[in-house]
Amino acid sequence: MELMFDHQVMEMDISKQLHAYEVEYHVLQDEMLDAGPPPDDSERLDKLEKTNVQLKKQNMDLLEKLQAARQKIQTLETSVENFLSRESKMKHMIRSLEQERGAYQRTIERMRSSLPPDTLTDVEMTQIKTGPNGKAKTAAKKP
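Sequential numbering from 20 applies to the sequence shown in the numbering used here.
Check the hints yourself; a few may be wrong.
[What the hints assert, rightly or not] Taking lysine to any residue and the SDA-like style, the derived pairs with C-alpha atoms no more than 25 angstroms apart in a straight line are:
no.	residue 1	residue 2
1	Lys110	Val99
2	Lys110	Arg120
3	Lys75	Asp59
4	Lys75	Ser98
5	Lys75	Ala87
6	Lys108	Glu119
7	Lys66	Leu85
8	Lys108	Arg120
9	Lys108	Arg89
10	Lys110	Arg129
11	Lys35	Glu50
12	Lys84	Arg105
13	Lys91	Thr70
14	Lys91	Val72
15	Lys69	Glu50
16	Lys84	Val72
17	Lys110	Lys91
18	Lys75	Gln86
19	Lys75	Glu96
Simulated from the structure, these hints should not be mistaken for laboratory data.
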């Protein structure tokens with residue numbers, strides 16, 4: 020009989036404990052549903068969203084800077100092409116002017132050689148000099 024009594028007492032204690040745990044579980048579950056997500060997760064989610072917004076803004080800023088840099092590169096490349104074209108034209112013009120100068124010098128030498136000797140001394144007295152501004156001016160030598 021004692022065994023039976025002990026067994027009933029133990030069953031009652033376990034039933035009471037199980038019922039108490041069940042009630043506590045339901046109360047805790049109701050509190051969790053009312054409170055929403057745990058504050059740590061909510062704070063973490065807010066922080067991640069703010070970080071995401073900041074990173075998107077930084078990404079847009081960097082894209083704008085990249086676009087501006089590409090535009091500047093394109094402008095500089097166009098300027099370089101224009102400078103190279105102008106340089107080529109100037110080099111061509113220099114070669115033409117040097118050839119023209121050579122032709123003038125040869126013409127002057129032929130003219131000198133075809134002049135009579137007494138006229139040649141008069142021509143040699145007149146020299147072409149350049150002034151400070153680079154323009155030619157004639158100056159006669161005094162005998």
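These are the hints, each one checked on the structure:
no. : hint            : in the structure
1   : Lys110 / Val99  : 16 angstroms, holds
2   : Lys110 / Arg120 : 15 angstroms, holds
3   : Lys75 / Asp59   : 24 angstroms, holds
4   : Lys75 / Ser98   : 34 angstroms, violated
5   : Lys75 / Ala87   : 18 angstroms, holds
6   : Lys108 / Glu119 : 16 angstroms, holds
7   : Lys66 / Leu85   : 28 angstroms, violated
8   : Lys108 / Arg120 : 18 angstroms, holds
9   : Lys108 / Arg89  : 29 angstroms, violated
10  : Lys110 / Arg129 : 29 angstroms, violated
11  : Lys35 / Glu50   : 23 angstroms, holds
12  : Lys84 / Arg105  : 31 angstroms, violated
13  : Lys91 / Thr70   : 31 angstroms, violated
14  : Lys91 / Val72   : 29 angstroms, violated
15  : Lys69 / Glu50   : 28 angstroms, violated
16  : Lys84 / Val72   : 18 angstroms, holds
17  : Lys110 / Lys91  : 28 angstroms, violated
18  : Lys75 / Gln86   : 16 angstroms, holds
19  : Lys75 / Glu96   : 31 angstroms, violated
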